[in-house]
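A.B. asks: The residues making up each chain are set out below.
There are 2 protein chains.
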Amino acid sequence: MSTPAPAEIGMPLDEVDTPALLLDLDVFERNMDKLAKATAASGIRLRPHAKTHKCPSIARAQIARGAVGVCCQKVGEAEAMVAGGVQDVYVSNEIVGRSKLERLAALAKQATISLAVDNADNVAQIEAAAAKFDARINVYVEIAAGMRRCGVDPGPEAVALARAVKAAPHLHFAGLQAYHGSAQHIRGFDDRRKAIDVAAEAAVTTRDLLRQASIDCPLITGAGTGTFRFEMGSGIWGELQCGSYVFMDADYGRNLDQGGKPGGEFEHSLFVWATVMSRPVRERAVLDVGLKGVATDCGMPLLDGVANVTYERASDDHGVLKVGDTNHPLAVGDKIKLIPGHCDPTVNLYDWYVGIRNNRVEALWPITARGMLR
Amino acid sequence: MSTPAPAEIGMPLDEVDTPALLLDLDVFERNMDKLAKATAASGIRLRPHAKTHKCPSIARAQIARGAVGVCCQKVGEAEAMVAGGVQDVYVSNEIVGRSKLERLAALAKQATISLAVDNADNVAQIEAAAAKFDARINVYVEIAAGMRRCGVDPGPEAVALARAVKAAPHLHFAGLQAYHGSAQHIRGFDDRRKAIDVAAEAAVTTRDLLRQASIDCPLITGAGTGTFRFEMGSGIWGELQCGSYVFMDADYGRNLDQGGKPGGEFEHSLFVWATVMSRPVRERAVLDVGLKGVATDCGMPLLDGVANVTYERASDDHGVLKVGDTNHPLAVGDKIKLIPGHCDPTVNLYDWYVGIRNNRVEALWPITARGMLR
Chain A
1 MSTPAPAEIG MPLDEVDTPA LLLDLDVFER NMDKLAKATA ASGIRLRPHA KTHKCPSIAR
61 AQIARGAVGV CCQKVGEAEA MVAGGVQDVY VSNEIVGRSK LERLAALAKQ ATISLAVDNA
121 DNVAQIEAAA AKFDARINVY VEIAAGMRRC GVDPGPEAVA LARAVKAAPH LHFAGLQAYH
181 GSAQHIRGFD DRRKAIDVAA EAAVTTRDLL RQASIDCPLI TGAGTGTFRF EMGSGIWGEL
241 QCGSYVFMDA DYGRNLDQGG KPGGEFEHSL FVWATVMSRP VRERAVLDVG LKGVATDCGM
301 PLLDGVANVT YERASDDHGV LKVGDTNHPL AVGDKIKLIP GHCDPTVNLY DWYVGIRNNR
361 VEALWPITAR GMLR
Chain L
1001 MSTPAPAEIG MPLDEVDTPA LLLDLDVFER NMDKLAKATA ASGIRLRPHA KTHKCPSIAR
1061 AQIARGAVGV CCQKVGEAEA MVAGGVQDVY VSNEIVGRSK LERLAALAKQ ATISLAVDNA
1121 DNVAQIEAAA AKFDARINVY VEIAAGMRRC GVDPGPEAVA LARAVKAAPH LHFAGLQAYH
1181 GSAQHIRGFD DRRKAIDVAA EAAVTTRDLL RQASIDCPLI TGAGTGTFRF EMGSGIWGEL
1241 QCGSYVFMDA DYGRNLDQGG KPGGEFEHSL FVWATVMSRP VRERAVLDVG LKGVATDCGM
1301 PLLDGVANVT YERASDDHGV LKVGDTNHPL AVGDKIKLIP GHCDPTVNLY DWYVGIRNNR
1361 VEALWPITAR GMLR
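Residue numbers (this note's numbering), protein chains in the order written: chain A, 1 to 374; chain L, 1001 to 1374.
Treat the hints with care, as some may be off.
Claimed, not checked - Far from chain L by the CB rule (all over 10 Å, computed), these chain A residues:
no., residue
1, P6
2, D33
3, I63
4, Q87
5, K109
6, Q110
7, R136
8, A160
9, A167
10, P169
11, E201
12, D208
13, D216
14, L219
To be verified - Pairs of lysine-lysine residues, derived as DSBU-like cross-links and limited to a Cα-Cα distance of at most 30 Å, are as follows:
no., chain 1, residue 1, chain 2, residue 2
15, A, K335, L, K1132
16, A, K109, L, K1335
17, L, K1194, A, K322
18, L, K1337, L, K1034
Just so you know, the hints here were simulated from the structure itself, not pulled from any lab data. Small disclaimer: the values here were computed from a predicted structure and weren't measured. Each residue gets a CB set at the ideal place from its N, CA and C atoms; glycine is no exception.
All chains should be modelled from the sequences, with the hints used to inform the complete structure.
C.D. replies: What follows is the structure, given as structure tokens:
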């Protein structure tokens, strides 16, 4: 059962019921334009990560600005993207098990499908699924690029995997997945750059070993919103996978730029619209948005445009605000905007984006990959 | 768009794809029977909290064992419960705004509906909505019972609110909401008891003031899985609102009993079914369950039946395991059960319970109140 839409097209923002996921369309479009322009100028490909937004309407807007397609983490996300008109999807993740791989192979009959691999048995499973549907799947070998998660060590094991992929009749060796996820949130500019230097060395080492083995490496793909300038300038990566840049969350806002200032180059476009539901004492207000309405894994949300008030703690359905010396009345019924600490898991709590322009609802976009965990 | 069911009835557990939310039906029924028996013996009413399970199939199973109805936190949850056959729903929370209150009033034409209040203007709004639909709504005055969230201070303000409710033609003053949420997770037995002593004093003080004002207080309602034995034994509360007892999460498992042992009196029935998707090095395995598949606000999930392996960190779609000296191979493709740190927000990530008995799928229950934030 999907939840009903929280608004109607044309409705003033003030009338939109809460909790709701708001998208400031002007800011959102500026963010998309900015990265599209930067990647076009550098000659590098952009394949934004759809795990962030889970919404084909947004994927199509990215593709309309030059993106070659999208990344996903789950087969269900890829299915939702293809169903929503996306023709080129890279599942930048290991996919294990017959059921999921056959779904992916079937999807590859409808669209261009790629995925990542870090295990030789898995290559055989992917080939079996692709053969069953007579489908062709592009495969990237994921190398460990510094974040201690998936991926084989850069070296002979990666070469052996690439060779196994090349030997599989229905698979195409597409290159290397080299993504340093944990580097995205390193605060210091130089520290982030050093982390990407390590990832770059891993990628180059492996590419050189592939060359020595007479295996061409068509592409190295990776990067995120926190580090893409480094990958883009490296001459090593040919494709960027940034996701959060469309929204910018509070956590990315804490990253420092080269001058030591926080904020980064994108603006907050994603907000959770909340109502003050209780105001028991002067120092405390309670919002109708708690753990089920905003992700707290990267810290509590920030209040947009309300000074000296902090979102102190979340329970399932309540957010408790600590109210300092503020001009905002925070009266019961008042609505405010929260900036999520982490946009990806926040989006996954909602079924709809409420797109706002000039304080009016202009778009209602279903988040069709919401909850697509398999 | 709701996600497809992750299994078929009759399927062996091993074939159920991951991530999926598993319910061990034998344990789940034992948990329900245990609390039903305890409340029946004490003569106290049980109104389990449906914010935990968000599923009318579970609500009906609780009611079949003697529960008088369920609690909810959101109007959308109440709508899902009534649509699923529940005839008596208490929204144990403040509901603000015309749109939500009119939905609640309309629902009160189909079922017995109650809600909580801590603000005089809100009483007038509830009356207006009820009048518009010529509906009758039961109203509890929420008092601050120790958790520093919603609720008026025990005292004259509570009496004034009760008087306002009594004066409203379509509202019925049903009693006091006295719930100490943060006490549920205080580890020490005596410390939890002391916290409930404070809540009890708040409730008794207010009830006595109501009596002095010639206002009868029909019921005091509250309590949760961590403290219900205290409320039940107090002679003050007439209704318990326990929710998590049906599932028992890892965090409740860390509460200490009177003897100083952790665990409490209920067993874990709820699990997240996960697959090892990568095994890059001996010390590390990666699961296909991350922040979007299990709540981490009360700590990382535990592994069921796998010793010396810990779920170390979660990213959006990955769970990184630290592998110590274990007999479990944790090979790519192996499936394991995770015990969520916090059941309520974990359930809210899924659309289906996969009910398991004797290692076979016996039930597929839609989580129809999933995402019902409004």
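A.B. asks: Next, verify each hint and record whether it holds.
C.D. replies: Do the hints match the structure? See the list:
Look at P6(A): its CB is around 6 Å from the nearest CB on chain L, not clear of 10 Å, so calling it non-interface is violated. No Cβ of chain L comes within 10 Å of the Cβ of D33(A); the nearest lies about 25 Å off, and the non-interface call holds. Every Cβ of chain L is farther than 10 Å from the Cβ of I63(A); the closest lies at roughly 20 Å, confirming the non-interface assignment. Non-interface status of Q87(A) relative to chain L is upheld: no Cβ of that chain comes within 10 Å, the nearest being about 20 Å off.
For K109(A), the shortest C-beta to C-beta distance to chain L comes to about 19 Å, beyond the 10 Å cut-off, and the non-interface label holds. The beta carbon of Q110(A) sits about 17 Å from the closest Cβ of chain L, which is more than 10 Å, so the claim that it is off the interface holds. Every beta carbon of chain L lies more than 10 Å from that of R136(A), the smallest distance being close to 23 Å; the non-interface claim holds. Every C-beta of chain L lies more than 10 Å from that of A160(A), the closest at about 14 Å, which supports listing it as non-interface.
With a closest Cβ-Cβ approach of about 20 Å to chain L, A167(A) is found to remain outside the 10 Å limit, as its non-interface label requires. Every Cβ of chain L is farther than 10 Å from the Cβ of P169(A); the closest lies at roughly 23 Å, confirming the non-interface assignment. With a minimum CB-CB distance of about 18 Å to chain L, E201(A) clears the 10 Å threshold, and the non-interface call stands. At roughly 21 Å, the least C-beta separation between D208(A) and chain L is larger than 10 Å, which holds for a residue marked as non-interface.
With a least beta-carbon separation of about 25 Å from chain L, D216(A) lies farther than 10 Å from that chain, consistent with its non-interface assignment. Listed as a non-interface residue, L219(A) keeps its Cβ farther than 10 Å from every Cβ of chain L; the least gap is roughly 21 Å. Proposed proximity of K335(A) and K1132(L) is supported: the alpha carbons are some 24 Å apart, at most 30 Å. Among the hinted pairs, K109(A) with K1335(L) is consistent with the structure: their alpha-carbon atoms are about 29 Å apart, no more than 30 Å.
Between the alpha carbons of K1194(L) and K322(A) the distance comes to roughly 26 Å, so the proposed pair stays at or under 30 Å and holds. Proximity of K1337(L) to K1034(L) is assessed by CA-CA distance (about 24 Å); at most 30 Å being required, the pair is judged to hold.
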